[in-house]
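Peer 1: These protein sequences, in sequence, are chains A and B. Just so we're aligned, residue 1 is where the first sequence starts under our numbering, counting upward by one. Just so we're aligned, residue 352 is where the second sequence starts under our numbering, counting upward by one.
To be clear, the hints were calculated from the coordinates, so they are not data collected in a lab. Note that CB positions come from ideal geometry on N, CA and C, so glycine has one too. A hint or two may mislead.
According to the in silico footprint, chain A covers these stretches of chain B (three or more CB under 8 Å from chain A) [said to hold, decoys possible]:
no.	region
1	375 to 381
2	548 to 562
3	614 to 623
4	633 to 642
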Amino acid sequence: MAGSTVSVPLGDGSGVLPRRAALIVFGVSALASAILSLALGLSPFVWLIFTGLFSLLTITVWSLAVEGRRRALDRVMTVVIVDIFILALVPLGSLIYTVVKEGTARFDGEFLTSTMRGVLADGGGALHAAMGTFIITAFATLAAVPVGVMAAIYLVEYGKGRLKRAITFFVDVMMGIPSIVAGLFAFALFSIFLGPGIRLGIMGSVALMVLMIPIVIRSAEEMLRVVPDSLREASFALGVPKWITVLRVVLPTALAGIVTGVMLSIARVIGETAPLLITTGSVDSMNLDPFNGRMANLPVYVYEQYKFPGVPPEAYIERAWAGALLLIIIVMVLFLAARLIARRYGVEIRR
Amino acid sequence: MSAGTVSPGNSSTPGKVHRRLGDRAFSGLATAAGVTILVVLAGVAAFLVSEAWPAITAPVADLPDGKNLVHYIWPLVFGTLLSSTIAIIIAVPMAIAVALFTSHIAPKPIAMSVSYLVDLLAAIPSIIYGIWGIAVLGPASVPATQWLADHFGFIPLFDGPASTTGRTMLVAGIVLALMILPIISAVAREVFQQTPKGLQESALALGATRWEMIRMVVMPFGRSAVVAGSMLGLGRALGETMAVTIILSVSGVISFDLISSENPSTIAANIALQFPESSGIDVNVLVTTGLVLFAITLAVNMAARTIISRREAAGGR
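Pulled out of the complex, with its shape left as it was, chain A reads as follows:
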């Protein structure tokens, strides 16, 4: 070092760490903290934290000694970012692990095929809640998709001037409506016409619809926008009227993307609890009529089993976890199916 006359712009240090330095440091830190955790009998979570801190410390010292301050800072920030990223994924892993572990205890045939009617402690199931969730979400989807897709068509194909700008802005605003406010809206709407204390499955659908419409519009709009103008122009050149062009050329081209967006929007609202808690109520037996009486659904089922357990509490808590597992499976299936469609048809999902 002393004999070196070349000035290195990167700073005081002149050496460079080996190419795999970061990996080496991570590996060594993971190993070291694993030994330490095993020796002290600590949990895997503590092991992760130790690994992060160890790797941070080692890379700092090593790089400072060899490469100088600026490069060391670069390496430290890289490790910090990677560590934070891993830290952000830990809860996801823990959550899925917990739900699967706790949920499988009662995730059996009886759970999937029976209701809570007459169930006092053990046994019972969530069939009525699953059916309720299905019906409520289906009605919400049936209302939200046509309105959402047509509104997107308006924004992309027809809209201009102040009305278009106003709608674009308020779709964004609608996206931010808290779900409980959507529930209160549905309640207020129905209670004015049908009297206070009303609880119906369809009220839940209305609340979910309010939450779904802006998501559907946003994704459909995005998908319609990427349909090349040359397709529209070719159709116009053949003398096809605009509305048939939209229906027969633009929509089919964007269909896969729109379907993907709709599935993601269903995945987003199917687990909504708050609006359903105040609109559909809950009930122990099967009710398949959304226009008559209270209607059970999965999210509220999970909430009530967990929050208000009877005797013995274990039976209720286990049912809550099994319900949570079912809910997560439904959401994951929707999520994965949407991804598969997207990949199959080359749709790029942007959120």
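Please arrange chain B on chain A, whose structure you already have, making use of the hints.
Peer 2: Positioned in the frame of chain A, the structure of chain B alone reads:
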């Protein structure tokens, strides 16, 4: 070029009237769907106001506990702001790191699949976050909060006595942070990726390290979007209901103490807890609190959207 600028050759021959009829009907239908959005939003505001009105005009004696409406709502607003503030403080730095990881640090193939994992965080229903928070995170937080109470008890935030169940404001805030993290990082990731390649390469060519390039080029470029994304996340945290409802054991106090078992409630959680049991004027009072929540989130979201659209107008993308 927007699609709206293209229009069909309108050589209107008299015999083709039915075609133009179809065109007019279809565009009318599309416009009606667009206007529906405005009607629904106006409806939300109108019906909330009409259901809240009886509580706003009612004499104080008729209200729950004979308290003034403002006195009823204020502790809830406080709790809402407190939990959301904790969530934002935790989530924003993490979201920026996660976004940078996917946009600049991780190799391309890894970045693709991990950004998918982060999106998955957003898809998990809030009720499940809630029961995870109370079953796993809460108990896990007890030793840490106990330590905080013992050693940093002089700070009002950690005044204690520490809760023994972990059903604290701190845990609720952390869970909220996890729920809004994907929202913020999605917005941040998008703009970080749009940072002009030329600027980034110039910085590197001038001898900047990758971190210096990120700090001097990528961050300034994305700053307003990160602010806007954070406000969207804030809007979500303000209105988030179930996680807070199920985690907090509420007692209606106004306290900055994050780790004790006595916590202020939030507007949304209070509605979820009280609504199923309420009737008469109590329902109207709850709808009034919902209206306040609606107004707060509306203001936050409109501010965020204004920042984003100003940025887009300035040629940010």
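Peer 1: Per the coverage rule (Cβ-Cβ under 8 Å, at least three residues), is the region 375 to 381 of chain B covered by chain A?
Peer 2: holds (count 5)
Peer 1: Mind taking a look at whether chain A covers the region 614 to 623 of chain B? Criterion is 3 or more residues with CB to CB distance under 8 Å.
Peer 2: holds (count 3)
Peer 1: Please count how many residues of the region 548 to 562 of chain B have a CB within 8 Å of a CB from chain A and say whether that reaches 3.
Peer 2: As far as the region 548 to 562 of chain B goes, the hint holds, because 4 residues have Cβ atoms under 8 Å from chain A.
Peer 1: Are there three or more residues in the region 633 to 642 of chain B whose C-beta lies within less than 8 Å of some C-beta in chain A?
Peer 2: holds (count 4)
Taken one by one, the earlier hints all hold for this structure without exception.
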